[in-house]
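Going by the numbering used here, the sequence shown opens with residue 1, and the numbers climb by one from there.
Think of the hints as simulated: they come from the structure by calculation, not from any bench.
Since this is a predicted model, take the numbers as computed values, not measurements.
Warning: the hint list may mix true and false statements.
[To be verified] Ranges between beta-carbon positions, derived for each pair:
no.: 1; residue 1: SER137; residue 2: THR88; range: 17 to 23 angstroms
no.: 2; residue 1: GLU121; residue 2: SER162; range: 30 to 36 angstroms
no.: 3; residue 1: GLY141; residue 2: GLY79; range: 32 to 38 angstroms
no.: 4; residue 1: VAL124; residue 2: ASP181; range: 31 to 37 angstroms
no.: 5; residue 1: THR126; residue 2: GLY191; range: 23 to 29 angstroms
For every residue, glycine included, the Cβ atom is placed at its ideal position computed from N, Cα and C.
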Amino acid sequence: MWPRQQLTHAQRVHGGAPQRQSAHCQTAHVRINVGGWLPPPRGGRTVRTLPLLLCLACCFATSHAARIITTVVGGIGDGGSAAAAKVTSPSGLSAYYNASSGGVVLYIADSGNYRIRRVDEGGVITTVAGNGIQGFSGDGGAAVDAMLSGPSDVAALYNASSGGVVVYAADSSNNRIRRVDAAGVISTVAGTGVFGHSG
Numbered sequence: 001m002w003p004r005q006q007l008t009h010a011q012r013v014h015g016g017a018p019q020r021q022s023a024h025c026q027t028a029h030v031r032i033n034v035g036g037w038l039p040p041p042r043g044g045r046t047v048r049t050l051p052l053l054l055c056l057a058c059c060f061a062t063s064h065a066a067r068i069i070t071t072v073v074g075g076i077g078d079g080g081s082a083a084a085a086k087v088t089s090p091s092g093l094s095a096y097y098n099a100s101s102g103g104v105v106l107y108i109a110d111s112g113n114y115r116i117r118r119v120d121e122g123g124v125i126t127t128v129a130g131n132g133i134q135g136f137s138g139d140g141g142a143a144v145d146a147m148l149s150g151p152s153d154v155a156a157l158y159n160a161s162s163g164g165v166v167v168y169a170a171d172s173s174n175n176r177i178r179r180v181d182a183a184g185v186i187s188t189v190a191g192t193g194v195f196g197h198s199g
């Protein structure tokens, strides 16, 4: 039986018939570089997509959008299929459309694994920042060797003139905003590491 509140909502959206629900899972921020920003629903750990929209898991029924939902990230490691890659408490996602390849590239703030990760057009996942150890280190060196602490959001900017991508990450527990340039070098662009307000 559908709860009364859900049935009422389904009637408003779909004219009476409740639609199939997707599995409940946890989520956080979603950002689409070419299509704006979606507010975060609450609840998982699986990155999913809808046609033209990307979302980090979902705790709402698919009845809210008459589309087919598929998993694009969720089991083990780098260099393999993103659908088989483990992510822990992903809390932010950025996506951009690569006009040259005709595909979409995702960047994920993999908070519980202390990494920023990338899913390419072919669905292969890699780490672009963070060595998986919580802490702070690495400025001026390779981003994959750096330590992050609770990265909570990410933004990826494609530079059309250079053909490279610059990534900005909210390194929340380190109280810093960090940048990974097109060469993969990490630096701090804001924050001293001390919690508070100044400057």
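Evaluation of the provided hints:
Checked against the hint of 17 to 23 angstroms, the pair SER137 and THR88 passes, with Cβ atoms roughly 20 angstroms apart. In this structure the supplied range 30 to 36 angstroms is violated for GLU121 paired with SER162, their Cβ-Cβ distance being about 19 angstroms. With their beta carbons about 21 angstroms apart, GLY141 and GLY79 fall outside the hinted range of 32 to 38 angstroms. A C-beta distance of roughly 22 angstroms is found between VAL124 and ASP181, which places it outside the suggested range of 31 to 37 angstroms.
The hinted window of 23 to 29 angstroms between THR126 and GLY191 holds, with their beta carbons roughly 26 angstroms apart.
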